[in-house]
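Protein chains in written order, with the numbering used here: chain A, 19 to 225; chain D, 2 to 85; chain X, 4 to 223.
Everything labelled a hint here was simulated from the structure, so no lab data went into it. Careful: at least some of the hints might be erroneous.
As the list claims (entries may be wrong) - Quick partial rundown of chain X residues pointing at chain D, CB under 7 Å, derived from the structure:
hint: 1; residue: LEU24
hint: 2; residue: LEU25
hint: 3; residue: ALA30
hint: 4; residue: GLU33
hint: 5; residue: HIS44
hint: 6; residue: VAL122
hint: 7; residue: PHE127
hint: 8; residue: GLY131
hint: 9; residue: ALA133
hint: 10; residue: HIS137
hint: 11; residue: PRO148
hint: 12; residue: GLU156
hint: 13; residue: VAL181
hint: 14; residue: LEU204
Said to hold, decoys possible - According to the in silico footprint, chain D covers these stretches of chain X (three or more CB under 8 Å from chain D):
hint: 15; stretch: 35-42
hint: 16; stretch: 63-75
hint: 17; stretch: 83-92
hint: 18; stretch: 159-166
Heads up, the beta-carbon is just placed ideally off N, CA and C, and yes, glycines get one too.
These are the residues of each chain, in order.
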Amino acid sequence: MIAYKFLAAGGVGPFSRYPWPLPRPRAPGAWVAAAGGATVCHDAVHACRSRDLPWWLQDELWEAELGGAVTPGRHKVMAPRARLLRRVDGWEAACAQRFADACAGRARDHAVTALDRAGASEPARALAACATPREIRAAVRTGHPPEAARIAYTMAGDAAIRALGGAAVVAAYIAAHAAARVDGDGAMAAERAWQSDWLRTELRLDA
Amino acid sequence: MSFDEIVCREFAELATDYLDGALPDATLELVEEHLAMCDWCRDYLGQIEATSAAVAHTPAAAPAPDTLQALVAAFRDRPKEDRP
Amino acid sequence: MPPGTAPRPEPTRAPDQDAHLLAALRAGDEAAFAALVTRYHASLKRVARAYVSTDAVAEEVVQDTWLAVIAGIDRFQERATLKTWVFHILVNKAKSRGKRERRIVPFASLSRDAEGPAVSPDNFQRDGDAWPGHWATPPRPWEDPERRLESLEARERLREAIAALPDVHQAVLTLRDVEGLDAPEVCALLELSDGNQRVILHRARARVRADLARYFEEPA
Chain A
19 MIAYKFLAAG GVGPFSRYPW PLPRPRAPGA WVAAAGGATV CHDAVHACRS
69 RDLPWWLQDE LWEAELGGAV TPGRHKVMAP RARLLRRVDG WEAACAQRFA
119 DACAGRARDH AVTALDRAGA SEPARALAAC ATPREIRAAV RTGHPPEAAR
169 IAYTMAGDAA IRALGGAAVV AAYIAAHAAA RVDGDGAMAA ERAWQSDWLR
219 TELRLDA
Chain D
2 MSFDEIVCRE FAELATDYLD GALPDATLEL VEEHLAMCDW CRDYLGQIEA
52 TSAAVAHTPA AAPAPDTLQA LVAAFRDRPK EDRP
Chain X
4 MPPGTAPRPE PTRAPDQDAH LLAALRAGDE AAFAALVTRY HASLKRVARA
54 YVSTDAVAEE VVQDTWLAVI AGIDRFQERA TLKTWVFHIL VNKAKSRGKR
104 ERRIVPFASL SRDAEGPAVS PDNFQRDGDA WPGHWATPPR PWEDPERRLE
154 SLEARERLRE AIAALPDVHQ AVLTLRDVEG LDAPEVCALL ELSDGNQRVI
204 LHRARARVRA DLARYFEEPA
């Protein structure tokens with residue numbers, strides 16, 4: 019099965035700091051096994067399906083082949099072994115920034131919805147006119163939302179701040195919670211699906 | 002909290018369980034998702050680790066010299082068992 | 004190794020780090036014995052202190068322990084490490100002495116929920132805030148903690164922070180983090196459940212971390 023792995027810069031596990039064997043010019047990286055040697059992630063190697071990507075964003079994205087029986091987790095899959103096939107070059111700092119900015123825009127949109135529903139059409143219009151995280155942050159700093167929209171409004175500001183800091187995974191998390199805040203728990207899954215689609219399209223992923 | 006997630010306040014209680022590998026799988030999954038997103042909890046976790054390491058290297062207070070002397074004397078004077 | 008941890012030196016299980024010492028002790032090497040006492044005296048005292056009422060009594064218990072080690076060294080069967088054997092003697096003597104003092108053993112009265120969370124809820128956002136349960140003020144990053152913790156002042160603050168912990172917390176922290184015993188060994192020594200042992204360890208670490216954080220935030 020083909021899946022994906024996010025690694026920290028240099029091809030190391032973001033938490034384990036395990037240095038993954040990288041692919042060679044015409045060969046995949048060596049197999050990494052969970053048992054008997056490489057202690058990776060408790061008793062399985064973890065990887066993402068494309069729908070799982072928004073939860074795990076890191077410096078590097080790699081396509082990986084999983085070996086053995088694959089077990090689905092909540093937002094990941096687990097397998098006894100895996101090897102890296104190729105780096106997904108499209109995922110780099112500029113792409114991560116575009117994604118973060120897009121998530122900040124989504125959080126803004128949810129806040130605009132909340133403002134409209136609360137009858138605050140002027141603040142809604144002003145926020146909707148903000149095109150960049152910088153503008154969103156500035157608007158939220160000085161705006162006075164009605165109580166019913168306060169938290170969604172704050173969330174939009176938080177997403178913008180995090181996007182300005184390049185923290186894509188946090189901006190995505192905020193946008194997902196902003197969706198739920200405004201449209202209920204079901205909207206969170208839809209927001210995450212939107213994020214996965216964005217990444218799948220942008221990075222031309224097949225899975 | 003209506004969402005199935007672990008937030009910072011909960012992780013702050015679980016940091017040592019996490020470091021010991023003592024979390025049940027379902028909890029571990031939620032912790033990993035949280036740490037992937039939360040740089041503040043990653044900092045907290047690192048500080049717990051640094052604290053543990055610092056404690057490990059705290060120099061031990063030496064026994065009082067006369068205590069040590071008395072104990073060494075007792076060691077010197079101990080009845081030796083016959084050994085083959 | 005659980006995810007999230009940097010590779011850190013694991014407490015050595017086998018081979019016994021003190022195996023060379025055992026041979027020297029049996030041969031009557033006084034310097035080896037002096038080294039053994041110096042190495043473990045403070046930790047033994049911290050653990051004893053969890054069972055008895057004063058430092059002076061703890062000191063007596065530790066000295067009795069060393070006398071028992073001297074008497075038993077030739078018969079020591081090496082089924083456990085030298086270190087765990089010495090700590091077992093210590094705990095047995097401390098327990099007896101505590102019972103004689105009619106001291107209520109603090110370990111016995113422990114309950115997981117007795118003291119509340121290890122980290123104050125004041126650190127986190129509340130219901131009605133945008134992010135309930137998330138850090139309200141995030142922990143400030145520590146710059147170069149290893150180097151900063153080498154200073155005499157930092158070490159003194161660390162020593163004070165440990166000394167300010169309840170006796171039971173000091174005992175568990177000493178056995179796990181200072182002496183590197185693993186969880187099952189500590190549970191066997193102190194007759195604690197795995198869960199209780201870990202709750203205590205976490206409380207101890209969390210409090211010392213908080214003290215160190217305050218120290219790091221003071222103007223240099």
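Check your understanding: Can you give the numbers of the hints that this structure goes against, from lowest to highest?
Key -> Failing hints, ascending: 1, 2, 3, 8, 9, 12, 17.
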